[in-house]
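Those protein sequences? They're chains A and B, same order as listed.
Each residue of the first sequence is one higher than the one before, starting from 1 at the first, in the working numbering.
Each residue of the second sequence is one higher than the one before, starting from 1 at the first, in the working numbering.
Some hints could be false.
Computed spacing ranges between beta-carbons, pair by pair [stated by the list, open to error]:
#	chain 1	residue 1	chain 2	residue 2	range
1	B	Arg21	A	Asp39	55 to 65 angstroms
2	B	Ala286	A	Arg103	44 to 54 angstroms
3	B	Arg360	A	Asp334	52 to 62 angstroms
4	A	Ala67	B	Gly102	49 to 59 angstroms
Quick caveat, the hints were computed from the structure, so don't treat them as lab data.
Don't be surprised by glycine CBs; every beta carbon is placed ideally from N, CA and C.
There are 2 protein chains.
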Amino acid sequence: MAIATTSIPDLCTAARCASRRLAAVDTDVKDAALHAIADALIARAPEIIAANQLDMAAGREEEIGAALLDRLSLDPARIETIVAGVRTIAALPDPVGEVIEGRRLANGLDVRKVRVPLGVVAVVYEARPNVTIDAAALCLKAGNAIVLRGSSIAAHSNAVLVAIAAQAAVAAGLPEGCVGLVAGGGREELAELATQNDTLDLIIPRGGEGLKAALKAVATVPVIYAASGNCHVYVDASADLAAAERVVLNAKAQRPGVCNAAETLLVHKDAAAELLPGMLRLLGEAGVLIRGDEHTLALAGDPPGAVLEPATTEDWETEYLALTLAVRVVGSLDDAIDHIGRYGSGHSEAILTRDAAAVRAFQRGVDAACVYVNASTRFTDGGEFGMGAEIGNSTQKLHARGPIGLRELCTAKYLVEGDGHVRV
Amino acid sequence: MAIATTSIPDLCTAARCASRRLAAVDTDVKDAALHAIADALIARAPEIIAANQLDMAAGREEEIGAALLDRLSLDPARIETIVAGVRTIAALPDPVGEVIEGRRLANGLDVRKVRVPLGVVAVVYEARPNVTIDAAALCLKAGNAIVLRGSSIAAHSNAVLVAIAAQAAVAAGLPEGCVGLVAGGGREELAELATQNDTLDLIIPRGGEGLKAALKAVATVPVIYAASGNCHVYVDASADLAAAERVVLNAKAQRPGVCNAAETLLVHKDAAAELLPGMLRLLGEAGVLIRGDEHTLALAGDPPGAVLEPATTEDWETEYLALTLAVRVVGSLDDAIDHIGRYGSGHSEAILTRDAAAVRAFQRGVDAACVYVNASTRFTDGGEFGMGAEIGNSTQKLHARGPIGLRELCTAKYLVEGDGHVRV
Chain A
1 MAIATTSIPD LCTAARCASR RLAAVDTDVK DAALHAIADA LIARAPEIIA
51 ANQLDMAAGR EEEIGAALLD RLSLDPARIE TIVAGVRTIA ALPDPVGEVI
101 EGRRLANGLD VRKVRVPLGV VAVVYEARPN VTIDAAALCL KAGNAIVLRG
151 SSIAAHSNAV LVAIAAQAAV AAGLPEGCVG LVAGGGREEL AELATQNDTL
201 DLIIPRGGEG LKAALKAVAT VPVIYAASGN CHVYVDASAD LAAAERVVLN
251 AKAQRPGVCN AAETLLVHKD AAAELLPGML RLLGEAGVLI RGDEHTLALA
301 GDPPGAVLEP ATTEDWETEY LALTLAVRVV GSLDDAIDHI GRYGSGHSEA
351 ILTRDAAAVR AFQRGVDAAC VYVNASTRFT DGGEFGMGAE IGNSTQKLHA
401 RGPIGLRELC TAKYLVEGDG HVRV
Chain B
1 MAIATTSIPD LCTAARCASR RLAAVDTDVK DAALHAIADA LIARAPEIIA
51 ANQLDMAAGR EEEIGAALLD RLSLDPARIE TIVAGVRTIA ALPDPVGEVI
101 EGRRLANGLD VRKVRVPLGV VAVVYEARPN VTIDAAALCL KAGNAIVLRG
151 SSIAAHSNAV LVAIAAQAAV AAGLPEGCVG LVAGGGREEL AELATQNDTL
201 DLIIPRGGEG LKAALKAVAT VPVIYAASGN CHVYVDASAD LAAAERVVLN
251 AKAQRPGVCN AAETLLVHKD AAAELLPGML RLLGEAGVLI RGDEHTLALA
301 GDPPGAVLEP ATTEDWETEY LALTLAVRVV GSLDDAIDHI GRYGSGHSEA
351 ILTRDAAAVR AFQRGVDAAC VYVNASTRFT DGGEFGMGAE IGNSTQKLHA
401 RGPIGLRELC TAKYLVEGDG HVRV
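So here's chain A without its partners, still in its complex pose (with noise of 0.2 angstroms):
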């Protein structure tokens, strides 16, 4: 297949030619493209899936384990679900030329902020084929051209939705080169790829931890990293305990293998006494083990609710991603929002009480991506928030902070109009 031939700087050359055509493509042009896309995937779903097939083939003698080959797997039912993306991007509002602010100087001079691609979009990612499709639908609604480099046990996989998505986008009236793809997912193609500081303008890592390690130790093109999620939930003196107990068992026990679940309650001691025997009942029948502080374990009940292990700092330092929950007492607020400060990883943070004070206080006292007042930690995500989708969750300060939607895809550029304007 010729995309997977090129050179990895001539992929990105081409990228950056189309991106300055596709900076200029209308809304309704680059929407057409998307639903060009989706309909193509569905034309050619058996051409993806015998694709697939060879990669499962090729993974179940690798041996690359059950996980993995999940992953992996396209299906009749999860083409759906990539098209449905696909088709719920083309639906959202476009954020190119949106005007950020504006205002006219005193000299007469007006002055407009407005939002533009940023150009030429990477995303390295590991073996879910579905990020081809999501990340090349997101990037080329924001009007910038995507390099995409899956893992090599998706090579099948990926070249033939790439190859789908590139011809739709094209027939459609989007420019030749705007959704490129890597040939080979090694380390070397990593290195190469993350330092094509001419025509590339971000990266953005979707995968685990030893992805971003792998990255980090190589690229000179800007990266958005999305840090790990070490998560609390504060249950304050005054909360309501019956929402507390709803809100603490959601965000440990509904999904707790994203980044978004809670990984340590804390809890005033003044509510201690009331919230904690109930509590770990809830969180035992849910599955969850529970790592206590002295307290804690001083009021788990006799039998205790829950299987309990006294706590050590690391269980504070910990995301789990697992069904274990780190619990301790805390002497106040303040208390709370020192332990978040200390050890929270900036992502997501829940206060559940009934005091305006104390939600004032969390809210301003508390550095993270998103703060939760009286709600579950696990709604960050941009669909959730209104953004339609998102590429991934930033808990960076610069640039984007939060879930990467269209918005975050994006920079802006200053447009000045004036009638022979001068500087005196």
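For chain A, the structure is supplied; the task is to place chain B on it using the hints.
Relative to chain A, chain B alone:
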């Protein structure tokens, strides 16, 4: 002086602690602290000048040259300019707490994205001691702690300025450690500072290409670089030629040593014969040397109105920062846009035209921080744009593009409020 003996990690840790408290300080306290700093600078001007004279004497002994001595020098008038700058920043609106966007989700959750301080900003700079106070005032107003690293040739001046600012700020209610100065201006200190990832959120260099290159080689903390400005003025076929003359002269000659000055003039072939002879004469009278393409040389008049030399490709790539202007005649607006896309540094680009379609095409087709219509490129400046002040000018696409003012010294967080909401 105590400030000068603290280790870099300790200085940065103190700044990090201060930043946590500073983020919650109200605007009126911050503004009062800025006025207190201004008052203290006036009251203690003799100390500042005495310290500056030590630096000046050492500089003369080390023969650093007249230009550097001029940049280093402080006198009562320059101190008053610094003080006026601080009071201007105090009068600006506080970016912290601004609601950037917000909505109520379908499930009743209220989401607001609000501006919050970055945390700790380090500013590394060269000879000019006024940067010490300008940068500190901007960072404090945006709720950030600041760590300064100036040049060793300004060590006495900077130490006194920081001591005065820090004492006045703390006396006015800002937290201890909110303004710190790195002892020593060597490359070792730069490398140590640039790797304090646990405590610094951002580094901003203010200085020449040498400083930026030195920082790029060692920094692991995020940096916003202000690239050079290879800026263009394009005179379209339909331009008002009197306005074009005025704008070109201003863009090139009003202050040629700055990044928003024009370096290349592009002229549509249909305007060249009428514009160029007079334009070159005006530029020649202003002392501008012309590096022209063949077409330009042919239209220079006899005798030519300016000193002319033939241009080479190198001229299209050069930021002269001097009274030299490259001039090229282009066949069309598209050719002008292509030239700018190829050689421009994405800083400030201008078109002179009376044609509405050309305005639109130029604004859409030129990818730069600031795109001007019928106005001089010299307006790219935080003060001119009504942002009040700037700490630099970014030609990066991520986080900040264009003037770096108070808003660009902030990040954002999402505040989400519910009444016991859980994700389903």
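Using the beta carbons of arginine 360 of chain B and aspartate 334 of chain A, state whether their distance is inside 52 to 62 angstroms or not. holds (55 angstroms)
Given the hint of 55 to 65 angstroms, is the C-beta distance from arginine 21 of chain B to aspartate 39 of chain A inside that range or not? holds (56 angstroms)
Should the hint that alanine 67 of chain A and glycine 102 of chain B are 49 to 59 angstroms apart at their CB atoms be regarded as holding? Cβ of alanine 67 of chain A to Cβ of glycine 102 of chain B: about 39 angstroms, so the range 49 to 59 angstroms is violated.
Given the hint of 44 to 54 angstroms, is the C-beta distance from alanine 286 of chain B to arginine 103 of chain A inside that range or not? violated (32 angstroms)
Comparing the model with each earlier hint shows violations of hints 2 and 4; every other hint is respected.
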